[in-house]
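For the sequence shown, the working numbering gives the first residue as 1, with consecutive numbering after it.
Since the hints were made in silico from the structure, they are not lab data.
All C-beta atoms in this analysis are idealised placements derived from N, C-alpha and C, irrespective of residue type, glycine included.
Each hint should be verified, as a subset may be incorrect.
[To be verified] Across the chosen pairs, the derived CB separations fall in these ranges: (1) GLN109 <-> ARG39: 44 to 54 Å; (2) ARG171 <-> ALA233: 37 to 47 Å; (3) ASN374 <-> GLY129: 53 to 63 Å.
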Amino acid sequence: MQSEIGYGLRKGVVALLFLLACLPVFSQPQPEPEREACRRLDSLFQEMVRKKHFNGVMLVGDAEHVIYQRVSGLAYLNGRQRLHDRSQFEIASVSKQFTAVSVLMLYEQGLLDLQDSLQRFFPNFPYKGITVWQLLCHRSGLPEYFDFALDYWPDEKRPMDNADLLGILERFHPDPESNPDTKFSYCNTGYALLALLVERVSGMPFRDFLLRNIFEPLEMNDTRCYTEPCQIASLRTTGHRRNKSVYERDALSGVLGDKGVMTTANDLYRWFFHIPCLIADSTLQKAWTAQHMDEDTCRNYGLGWRLSCDEQGRKLVYHGGLWNGNHTLMLYRPADQTFLLFLSNWCNGAFQHRSNSVLKIMDAMQAKKINTANVK
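With the hints as extra help, turn the sequences into a complete structure.
Okay, structure coming up:
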């Protein structure tokens with residue numbers, strides 16, 4: 001395998017062109033339909049804070065700019081440090097899209113094929129007939145490592161990494177949930193293996209691959225992996241249970257790929273709309289295409305993203321995350337490029353069932369824009 005990936009995005013004139021093409025574009029003063037949408041979004045936000053005690057960040061935008069963003073609450077519920085727009089949240093399973101794009105970058109470079117068997121990368125892997133594609137779309141049938149890994153780990157206070165998890169799979173061979181490619185079954189084990197696969201192919205630790213090929217080129221300066229300590233105290237947050245207690249971590253937090261990215265709302269907005277700077281649009285559209293012919297198209301999974309539909313049947317690309325008291329939702333509607341993000345470090349369900357309300361507000365904004373244009 002190669003020891004370094006020479007994408008060129010970090011070098012010379014190519015890097016400059018990349019930044020010119022991919023830095024966000026911010027709008028001029030908002031037109032009246034957007035101002036009205038902001039008033040309604042703010043009313044929704046204030047209601048979540050007042051009635052549901054929302055503790056976190058809400059961001060709504062589109063491909064051109066952020067339309068609305070507000071922050072409320074504390075980095076530590078028993079402290080005084082308030083959340084702000086650079087506070088870093090652990091985004092749990094929303095991290096999977098970074099893993100998927102990393103694999104797709106290597107795929108576009110011809111360094112792997114989505115139909116490759118895992119034995120190409122892990123010769124001693126005991127589960128046969130599993131491909132890279134099956135890991136990406138959750139059809140591997142592998143057992144969920146949350147259910148077995150700690151049974152074989154001698155010290156719960158010492159973090160387990162991805163290589164440790166592979167060792168457990170190879171040595172103890174826990175029973176699979178099903179045969180490969182027989183059904184959709186969401187599996188964190190698969191994405192932990194994909195992160196390790198990126199390491200094997202690129203020749204660098206997974207967190208370094210993300211840093212060099214995604215975070216740095218996109219200037220996601222407030223994004224890191226959980227295993228890389230935050231050097232700025234004012235950016236740190238911690239997750240909380242519903243009863244406000246701090247969520248104590250166990251050894252599984254050291255495994256990356258299925259989770260483990262720490263980031264901010266602004267960095268996630270920047271990331272999402274500049275993925276086409278990293279992979280071809282055709283590859284991205286494949287990742288946003290339903291992969292499970294035996295599942296409903298409005299309740300499906302692509303390659304790193306969940307797929308659904310709004311009340312009018314329009315496609316939604318989204319992912320949620322829940323881990324150690326952190327709760328995240330990222331949602332995108334391609335029809336009008338609406339982007340919605342909730343980040344919270346208090347798992348109290350404060351923003352559940354609110355995405356539909358946001359989409360309706362954005363629908364009303366778009367309708368007013370069309371009416372205004374028609375009048376002119």
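Against the structure, the hints:
At about 47 Å, the CB distance of GLN109 to ARG39 agrees with the hint of 44 to 54 Å. The hinted range of 37 to 47 Å is satisfied by ARG171 and ALA233, whose Cβ atoms lie roughly 40 Å apart. Look at ASN374 against GLY129: about 57 Å separates their beta carbons, and that is inside 53 to 63 Å.
The structure is consistent with each of the numbered hints, conforming to all of them.
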